[in-house]
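There are 2 protein chains.
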Amino acid sequence: MYKYTYHIVETNIPYLRDPPMAKEGEAWEWRMSFPDGMSKLFVSECMPQAPGLVVGLSLRCWGLMQTGWRYGMSEPQKVIHCFKVGMALCLVSLFYYVSPLYEGVGGNAMWAVLTVVVAFEYTVGATICKCLNRTTATFLAGALGIGVHWVATRFGATSEPIILQASVFVIASAATFLRFLPSVKAHFDHGALIFIFTFILVSISGYRVPDLFEFTHHRVSTVAIGTSICVVTSIFCCPVWAGNELHSLIQSNMEKLADSLDGIVAEYLGDDADADDAKKEASNEKLVGYRCVLDSMSTEESLVNYARWEPAHGGFNFRHPWKDYLELGALLRSYAHCIDALSGIVSDTKAPAFLKQHFSTVCVKLSSNSTAVLRELVAVVRTSAESPKIDLRLEEMCSAVQELQDALKALSNQETGATEMKPQEFSEGGKGESNVVPFVAVVQLVTLSSLLIEIVARTEKIVKAVNTLAHKATSSE
Amino acid sequence: MYKYTYHIVETNIPYLRDPPMAKEGEAWEWRMSFPDGMSKLFVSECMPQAPGLVVGLSLRCWGLMQTGWRYGMSEPQKVIHCFKVGMALCLVSLFYYVSPLYEGVGGNAMWAVLTVVVAFEYTVGATICKCLNRTTATFLAGALGIGVHWVATRFGATSEPIILQASVFVIASAATFLRFLPSVKAHFDHGALIFIFTFILVSISGYRVPDLFEFTHHRVSTVAIGTSICVVTSIFCCPVWAGNELHSLIQSNMEKLADSLDGIVAEYLGDDADADDAKKEASNEKLVGYRCVLDSMSTEESLVNYARWEPAHGGFNFRHPWKDYLELGALLRSYAHCIDALSGIVSDTKAPAFLKQHFSTVCVKLSSNSTAVLRELVAVVRTSAESPKIDLRLEEMCSAVQELQDALKALSNQETGATEMKPQEFSEGGKGESNVVPFVAVVQLVTLSSLLIEIVARTEKIVKAVNTLAHKATSSE
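One line per chain: the protein sequences are A and B, in this order.
Each residue of the first sequence is one higher than the one before, counting from 49 in the working numbering.
Each residue of the second sequence is one higher than the one before, counting from 49 in the working numbering.
In short, the hints are calculated from the structure, not lab data.
Among these hints, one or two may not hold up.
The list cannot tell twin chains apart, which means a pair is met if one copy fits it or any two copies do.
DSSO-like, lysine-lysine: derived pairs with alpha carbons at most 30 Å apart [claimed, not checked]: (1) K233 / K413; (2) K413 / K457; (3) K457 / K233; (4) K509 / K437; (5) K520 / K457; (6) K413 / K371; (7) K512 / K126; (8) K457 / K371.
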């Protein structure tokens with residue numbers, strides 16, 4: 049029995065995520081992370097082998113319904129989207145019921161329905177991108193198809209199918225190849241697909257359909273009708289903007305990083321052994337928050353791609369520097385890598401008490417100063433305006449780095465003193481560790497400090513990126 | 049002018065990737081990483097604003113063609129895939145040219161064409177997955193559509209459209225909602241889409257089409273024809289197995305990690321200042337190889353999803369433990385996070401010479417022992433058979449850890465000795481650094497050692513995961 053972990057990161061693209069390291073004898077689990085930072089456990093989708101097929105199937109359906117209910121409760125915006133899709137499909141299916149409309153498109157209303165089914169995406173940007181792709185590709189492929197058919201008919205009835213088949217082979221192969229290229233893949237994948245299909249449909253339909261021009265006209269107009277319904281419903285009926293989603297994803301990622309770092313440092317240096325279980329679980333949620341950041345790259349990329357298609361909305365105008373969010377996202381991930389390394393090094397151990405006195409204040413100070421900068425940056429991103437406090441916070445952070453370096457120097461003297469202490473002296477402070485432990489702990493503390501300093505360096509890069517972003521956002525208005 | 053970085057990781061899903069940190073005054077670039085580990089630079093796709101629209105467009109097309117040519121040269125398998133798609137489309141378009149075939153499906157040959165265009169994927173697994181989804185969804189939705197239409201007609205001509213519209217709204221909304229759920233998204237996304245479309249098509253076509261049963265029969269059979277052509281072409285004509293792709297992706301990721309770690313440690317501790325430029329560039333390629341590993345999660349997930357649909361092929365049978373590759377992939381990424389933190393800490397600096405003498409041998413030994421384990425694991429993954437050498441390699445690695453710890457202890461004494469040395473004594477060994485430098489260098493070396501030890505811990509987890517994988521693979525045969 050395998051179980052997997054899913055994180056849903058405020059987007060329409062939920063996907064299979066890094067399973068947490070399964071500990072010895074512990075099964076993996078279905079887990080959904082919701083935007084509010086909480087995550088819930090659903091074992092229901094992953095029932096063990098049920099006694100019979102029918103019982104098993106019912107249990108699975110029941111589990112799926114439970115999951116769906118909780119998911120719907122936590123993400124009402126997605127439920128609204130489903131109703132929007134239903135509404136758009138009812139609207140487009142009027143082309144079947146109303147005779148003038150049906151005859152107007154020559155009975156080809158199915159293409160309009162298909163367009164709505166395929167092109168209606170969760171965010172406005174994605175819908176616009178797909179609709180533009182689809183309309184343009186249909187138009188271009190229709191024109192090319194008519195051209196190829198016209199050329200083929202010049203060569204007589206025998207050669208016609210051969211020429212058409214050859215053109216289908218060449219154009220389909222070429223378009224399929226283009227779909228592999230990253231730049232085409234990122235922006236025009238759907239367009240290339242529709243181009244291939246429409247080209248084949250139009251060019252070889254000429255063999256069967258009397259008026260190819262009218263046929264193509266109907267195909268293009270039904271696609272145009274479908275895309276218009278998608279775009280209008282998407283924009284004017286509870287719109288979900290990819291830009292907004294991206295904007296809040298980046299902010300929540302920054303907050304998660306800050307929470308994780310604070311949590312990990314406090315866990316290592318603090319003495320909250322007597323904290324109650326509920327508090328511990330909440331803090332564990334925070335500790336692993338940085339993992340969501342590690343996993344958010346593909347979501348960010350698609351949101352950036354889509355946000356660029358969106359018209360001005362809310363605080364964002366059409367020329368908002370969306371692409372800069374990619375760089376910011378990459379920097380946040382590199383920050384998260386440091387936290388991951390840090391959490392690996394300090395997990396399952398506690399700093400010995402005698403070192404804690406010396407170190408904890410200064411380490412906690414540095415980490416909290418660094419996360420204060422990050423939290424200040426969240427405000428900068430939110431308002432897209434430079435913050436007057438940020439310089440102060442940066443200075444505090446730098447002075448904390450200096451303090452930590454001084455403490456390290458002091459430690460390098462104190463430590464060798466410590467190895468000369470008698471064992472019983474350790475026992476008082478360090479609860480009876482052998483005299484190897486202080487040395488390991490010192491190495492750990494030095495590493496912790498060093499990683500914290502590296503985190504500070506990465507924070508500075510983030511500050512720079514956020515300032516650039518805020519500057520560009522302001523000047524683009 | 050923005051430029052982005054793409055890594056293509058031996059799959060049909062090339063995607064936008066983490067841009068490397070752009071240094072001061074350095075523009076970002078289009079870069080493609082090819083399976084052979086080399087990456088090439090393409091500035092051509094990212095021309096600055098050209099003087100005129102036509103010139104600009106031609107330059108862009110030229111750039112795209114150049115990119116395409118190089119891409120095609122480096123990935124012949126993808127070119128073959130394009131020809132396969134062209135061939136399958138020629139085959140399916142025979143349904144237009146051959147009259148008995150055309151009449152056999154009632155002029156609905158377009159659905160077969162559409163099926164081939166949409167469902168023919170790069171790997172066999174993806175094609176089978178999409179085809180099964182499509183056929184099942186079409187069949188189920190067709191049956192449901194006929195049922196709903198039958199019920200609606202019982203209520204008389206006035207109520208019929210209302211009941212049909214209501215059913216379209218409810219079923220489309222529900223199916224759209226299901227698509228958000230991670231388990232459905234991962235396996236049945238395409239099926240849900242096709243279900244919605246076929247249901248609407250069948251249920252509301254009853255309003256226009258005289259014989260709904262025949263209409264549905266044609267829809268189902270054309271889809272079945274299309275999927276059969278896809279599956280047969282995909283399997284019997286130069287097949288690309290998702291399982292193979294995944295298998296070699298994991299191996300190449302392990303090799304990249306080993307190369308990166310060796311490279312970074314050698315760069316920091318070695319003295320290759322006189323290496324020539326070509327060698328340096330090749331080594332820089334290796335240094336950042338671990339970034340490909342950080343980015344390979346979504347590729348791995350989709351390959352695992354697809355590999356599970358594939359019949360036995362090569363060394364893999366149907367019950368090959370594909371899901372275990374996900375865990376292994378996650379462990380490799382956590383290894384890569386450590387390398388990222390390490391590279392951040394040691395970049396742009398060199399260990400001072402007097403510390404190098406003391407440390408470099410033991411650090412290089414540990415890192416090379418750790419990468420030797422990783423390289424041995426590549427062989428285990430490749431052959432799916434436990435290696436007799438692995439225990440020996442593990443022992444060597446553990447003894448290297450012990451040596452490093454001893455060296456650290458020795459350093460802790462020597463270091464305080466060093467701070468008591470006179471400045472000129474430093475100058476001899478450390479090329480005139482101020483006496484802060486040795487201290488910073490010591491912290492760096494301690495961090496390096498600590499991260500190396502953490503990497504060893506993560507290597508041990510990887511060993512465990514690979515052994516489990518090999519064991520399951522052997523017992524599943």
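Exercise for review: Sort out which numbered hints this structure fails and list those numbers smallest first.
Suggested key: 1, 3, 5, 6, 7, 8
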